[in-house]
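Chain order of the listed sequences is W and Y.
Note that the working numbering has the first sequence beginning at 47, numbered continuously upward.
Note that the working numbering has the second sequence beginning at 116, numbered continuously upward.
Be aware that a few hints might be false.
Computed beta-carbon distance windows for the label pairs [what the hints assert, rightly or not]:
| id | chain 1 | residue 1 | chain 2 | residue 2 | range |
| --- | --- | --- | --- | --- | --- |
| 1 | Y | N556 | W | Q96 | 42 to 52 Å |
| 2 | W | I80 | Y | L327 | 48 to 58 Å |
| 3 | W | G130 | Y | L265 | 46 to 56 Å |
In silico lysine to aspartate or glutamate, DMTMM-like type, Cα no more than 25 Å apart, as pairs [to be verified]:
| id | chain 1 | residue 1 | chain 2 | residue 2 |
| --- | --- | --- | --- | --- |
| 4 | W | K103 | Y | E542 |
| 5 | Y | K323 | W | E65 |
| 6 | W | K131 | W | E86 |
Computed, partial: chain W to chain Y, Cβ under 7 Å [as the list claims (entries may be wrong)]:
| id | residue |
| --- | --- |
| 7 | P56 |
| 8 | K63 |
| 9 | N78 |
| 10 | Y92 |
Because the hints were derived from the structure by calculation, they are not lab data.
Since the model is a prediction, treat every value here as computed from it, not as a measurement.
Beta carbons are placed, not taken as given, at the ideal position from N, Cα and C, and that holds for glycine.
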Amino acid sequence: MKLVIAYIQPHRLNEVKKELYKAEIFKLSVTNAIGCGQQEGYTESYRGVQMEVNLLKKVRLEIAVNEDFVKPTVDAIIKGARSGKIGDGKIFVLPVEECYRIRSGESGRNAIG
Amino acid sequence: MLKKLFLVLLFGLLVSAGVFGDDVSTGESLQQISDSFDMIWLIISAALVFFMQAGFAMVETGLTRAKNAGNIIMKNLMDFSGGAIIYLIAGWGIMYGDSISGFFGTSQFFLAGADSFVYRDWMFQVVFAATAATIVSGAMAERTKFSSYLIFSLVISGLIYPVAGHWIWNGDGWLAGMGFHDFAGSTVVHSVGGWAALMGAKVLGARKGKYLEIDGKVSVQAIPAHNMPLASLGVFILWFGWYGFNCGSTLSGTDSAIALIAVNTTLSAAAGAVSSMVLIWLMSGKPEPSMTLNGALAGLVGITAGCAVMTPLSSVLIGLISGFIVVLSVEFIDKKLHIDDPVGAVSVHAVCGVWGTLAVGLFANSDDIKGLFFSGNFNQLYVQLIGIAAVFAWTITTSYILFRLLKAFSGLRVTEDEELKGLDISEHGSESYYGFQIFQNQ
């Protein structure tokens, strides 16, 4: 079992969701995130005073999958989120020790799928 | 408010009577009193109509996304601020200057030779000019390049609106001569703004993500409003300001029609809100706030042309029909024409403006002017149709050419990246909701 964590551009979320759906990955959670990476920030000005903004708005996806779904998940995220420009985001794949479904008490492969 | 108004009026009466009562004849003294009433009434009405700018700003801000709020505010502020100056330089002269065969005014530029009566009238008219301009801002929201919009705003306040206004509201205008009746501006103000808005939205194209092409078919997406309370505050402010817009258009503080006009304005707006709510309830299963707010405005635009020559019952009917029209028109423009008008400006102002102007030809029932249902003949309706068509042709042509020119020379639209980032940051370098985390996935 793996946990796929991806940071993407917010406006790419719909595209990514569509690609995941096509790859038959229906379960995900989404949180808003701010952060900085290679993409530079921008300058705002308030009443004539400059201010640097370098924490940019991103969307964080978390998808827990079984091993055979790792590749399709990663591919789908890349397909949906990639524009070729700096700032497209990153994907991390982490091992997952255990997973339980609260309602049924199932664990492991069955709980994830 | 009313009590205050009454006291102000009474004060005006006493002052003019006291000062002039002793040494002039009664006739002249009555004239002085009546002039004072007019002065007070028109300036108060002008202030009420000015407040409609706040209404427009709130409606447009509320009905669009948080990332563009500051941009909308800037457009509304500049519509009035730039518009007032250009109306001084050119607009007023073109609209109310000496007429060249009923088409174009040619004197009083820079308010040359004005006395206090002209100042009074200018003040009342400049707020109308700004209203026409600011209608366009909503339809072009969330994607227009700010600098190009400023140029457009100056041209509509300085040329497009004043020419149409000259035809209808200048005593020597050719449509005025034919007996075209548009009391407070369903056509002059609202249709001019609305048609220009239609051309703007058309030339500009839709917001990104509004119309998606899926398997060769266009799928219409919703881009929801970010602040419904602000939008509704805006509608209430507009409704409030409309009492100045319609009642002030008597151009006289001693006209007893003011009361009827206020009643008609109220009833039509109320009926518009009710009927649009009922229709959208039937169509979508829920009484949706944003469409109902549009319905109240539709009722107001619908009664603007005929508010002085209708019975209250006719006004209710006109409002009810306006409410139906606005819902159907919003659906048609969005789902059939695929023209992206984020706030429904074209439906409210252009389409209901046309309906209101036509309604004069149907429901008018006063001593001077009678519509089809009360006279049994088509004379007035025919004249109303000519006026509607003429203003349509003039506005569509001039604004289309202008938008095309802007598109070719300075660019009418921001880039896709700037649109995604939001116009607050990309056009103005500042956020409207600093300290709030606003995330948008479109």
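Status of each hint after checking the structure:
For the hinted restraint 42 to 52 Å between Y:N556 and W:Q96, the CB-CB distance of approximately 29 Å leaves it violated. Between W:I80 and Y:L327 the C-beta distance comes to about 28 Å, which lies outside the given range of 48 to 58 Å. Evaluation of the 46 to 56 Å hint for W:G130 and Y:L265 yields a failure: the beta carbon distance comes to about 34 Å. Distance hint between W:K103 and Y:E542 is fulfilled; the C-alpha atoms sit about 18 Å from each other, no more than 25 Å.
Straight-line distance between C-alpha atoms of Y:K323 and W:E65 comes to about 19 Å, which keeps the hinted pair within the 25 Å bound. Taking the CA atoms of W:K131 and W:E86, the gap is near 12 Å; set against the 25 Å cutoff, the hint holds. Among the interface hints, the one on W:P56 holds; its C-beta lies about 5 Å from the nearest C-beta in chain Y, closer than the 7 Å criterion. At its closest, the beta carbon of W:K63 sits 9 Å from a beta carbon of chain Y; the interface hint therefore is violated under the 7 Å criterion.
With a least beta-carbon distance of about 4 Å to chain Y, the hint placing W:N78 at the interface is held under the 7 Å criterion. With a least beta-carbon distance of about 6 Å to chain Y, the hint placing W:Y92 at the interface is held under the 7 Å criterion.
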